[in-house]
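Taking the hints into account, I'd like the entire structure generated from these sequences.
Taken in order, these protein sequences are the chains called X and Y.
The first sequence runs contiguously to residue 311 in UniProt numbering.
The second sequence runs contiguously to residue 537 in UniProt numbering.
Derived by calculation from the structure, the hints in this document are not laboratory data.
Hints may be right or wrong, so weigh each one.
[Claimed, not checked] Here are some, though not all, of the chain X residues that point toward chain Y, as calculated from beta-carbon distances under 7 Å: (1) 32; (2) 36; (3) 44; (4) 46; (5) 50; (6) 84; (7) 94; (8) 153; (9) 157; (10) 167; (11) 255; (12) 257.
[As the list claims (entries may be wrong)] Below are the BS3-like pairs computed for lysine-lysine, each with C-alpha atoms no more than 27 Å apart in a straight line: (13) 70/X - 130/Y; (14) 427/Y - 49/X; (15) 427/Y - 129/Y; (16) 476/Y - 49/X; (17) 473/Y - 49/X.
C-beta: ideal position from N, C-alpha, C; glycine also.
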Amino acid sequence: MAKFIIKRFTAMILTLWVITTLTFILMHAIPGSPFNNSSGKAISGAALKNMEAHYHMNQPLSIQYLIYLKSVATFNFGPSIKQPAQTVNDLLGRGFPVSFELGMWTLIVAILSGVLLGVLAALKHNGLIDYIAMTIAVFGISIPDFVLATMLIQEFAVNLQWFPAGTWQGVSYMILPIIALATGPMAIIARLIRSSMLEVLTQDYIRTAQAKGLSPVLIVFKHALKNALLPVVTVLGTLAAAILTGTFVIEKIFAIPGMGKYFVDSINSRDYPVIMGTTVFYSAILIVMLFLVDIAYGWLDPRIKMDREAR
Amino acid sequence: MKKWLSKASLLGIAVILVFAFSGCTAKPNASSSGGKEILKLNSGAEPTSLDPPMGYDQVSWDPLNNLMEGLTRLGKDNQPQPAIAQKWDVSADGKTYTFHIRKNAKWDNGDDLTAGDFVYAWKQMLDPKKAAPAAFLAYLIAGGEAYNTGKGSANDVQVKAIDSKTLQVTLTSAQSYFISMVSNPAFFPVDQKVAEKNSKWYANASTFVGNGPFKLASWKHDSNMVFKKSSTYWDKNTVKLDEVDWAMVSDPNTEYQMYKTGQLDMAGVPADLSSQFFKQGKVHVAQQAGTYFFSMNVNMKPFNNINIRRAFAMAVDNKQITDYVVKQKNVPAYGFVSPGFKDPSGQDFRAHSGNLYNYDPAQAKKLLAQGMKEEGWQTLPPVTLTYNTSDNNKSIAEAIQAMYQKNLGINIKLANMEWNVYQSQQKAGKFQFSRGSFLADYGDPINFLENFQTGMPINSMEWSNSEYDSLIKQAKNEKDDTKRFALMYKAEKLLFQQMPLFTTYFYNQTFLLNSKVHGLVFHPAAYIDLKWASKTN
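As structure tokens, this is what we get:
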């Protein structure tokens, strides 16, 4: 196991380096400049020169790359160009907790409801519950979250006035975005669970368990579900990384101060420090999630050995 | 195991109940303001910076204009009024200004506001190491440009504190609009004592020190700001609002929904409902000093020919565009300087200068033929109109394309580009025919006209005219306002004789406003002013 972790860790660092280098090349390959003002105000030549010098952008690209690598290695990305009063770490430090909170609730809701729907559908295969559950799932997959979000606001905030339309000030502000965000993943999870449950339920060991007279609940939750979870866990790694680091559209629609907007806004404004900050941060989270998924595989299915190569 | 399941389901029900309850208890527009006047606005985004010369955009300067105050403040009539400066004297040559700062001018932490705070702030703005985007606004101070471009030192900048309440500034030339310019947020003072101890004093509410009608009470970054009426402001009795809450909502639909549910008092007009709201008379319109125009690159065919440029201008019906394409009650523009600037005789610059060209398709057709004859062309070289990607720009470009087809019988191509790329390409003079926009930084026609001097960043038409350059230079050195306006009238006329650009409309701001809110002041060339605003409960 230790060997496996060391190996994976080295691979993770390498992956990060490749990602950061690609990001650096790509972001400098996009035409445009961080000093173009979003309101289109023209900045005079001298002010522009001062600003370029301030952000080392008058240096050759190779030097900029070294400065960049250093900031990635120390996880200190310096000030944002678009918001000079804030450092990139400030932006991530206040945006991530919000996105994380929203994301955690979303994942909990999506997994619980998704698994429940999937299991019910599989147990009552081709029955009424199955059709209802799968209708909900198809609905969840096909309606984009931003459409759902707009509908939720119109109905529950404007018409019924149960919840506020936007901003982030407490529990009542969280309900609509969680529903909007969780519905899609819930549907995906429900469909995955249903199909893998159907497969597992026909296997011999389940039949054995039934023959031994085990209670149906025990069979489903202890024996069947554990194996049926494997495909869900595979999806969860990338899903969790994406959801926990914030989503641009949902955060924008509900005016949630998460970090989702930095992914898109930083690219539009060519805010180089923020682009690299968000990219490195997201990649790190994603890599950690994939690592956790690998660990979870071994726990769910002992046949998958982590240090197979070490044999 | 059945027990376990029932436990789980109980938990599930409990979770659902908690959610349902919390939903019921927290209604969004609990209007329990306790009789206080609380105005709820949306800034649209986190301010770029509340450090005066660093913000340089509306999201920063709209709030800042109410947290701080300069030597002067624009009145409800857009004219500069005494503010932190009680009065001022101007030397005979019009170059040296002596400002007398109010005895009771204070920072909201109780510090005395001194002339030194202005000297400190303005030298900071010009410091090349600080790299402030708004620094060029201070180039009219003698020594300012040299310091900012690294050719001079801070000591040569001609701004001095004669004593703690007297500030003396010497300009490069007599420029009477300086009095209006110092009301701009870039020229706000900075509490030197605070800034020297904490160089990031402007980054958080706890350290921010202002001197305006409101005090920054709290600031949750990316989320909201709360302003409370200042108790140290010299004119605090005029201020009626107790509190201003600024949300930071970027999505226009959400903004509108929040306006409908009472979470906001003001919102933009949603595009798909705009004609309906205009019909119902619910839309407020405020003038904005700025112009939507099209540049024709005089170094590229066919726009090297003046008659062809004029033909392209005269074949576009601006009224059609404002009435049926933009539909935001904009004023069609047949000149570059927007309405709202009075000359010494009290007449509006735009009204005096009049329409400098007209929509005249028959004349346009003749001019096109004449131009092509002059150049010896049988067919017109291909023309591509480039604009930055947006629905409004696209609709306008398509309307213009159709007008050229109909009025001149020519087909032009359209191209669009993402805003940031567009700006870089346009500055580099890469476009043949492109959409341009200008928003004024300060309230004087010279701010509009100076852009078309040779080599200025907005001059993407690559136009260079020595007579025009010299007219602008003379206007900038003229201390007699009557003569100065005469020079500017002449310059604008010359610009449209040569026609390196044609204009479409003047900008405005349209918005929906809670009928309980009164006294909001919008300045065409400046930022929202809440000093006189009130809200009846």
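Going through the numbered hints above, which ones does this structure break? Give me the numbers in ascending order.
The structure conflicts with no hint, since it agrees with every one listed earlier.
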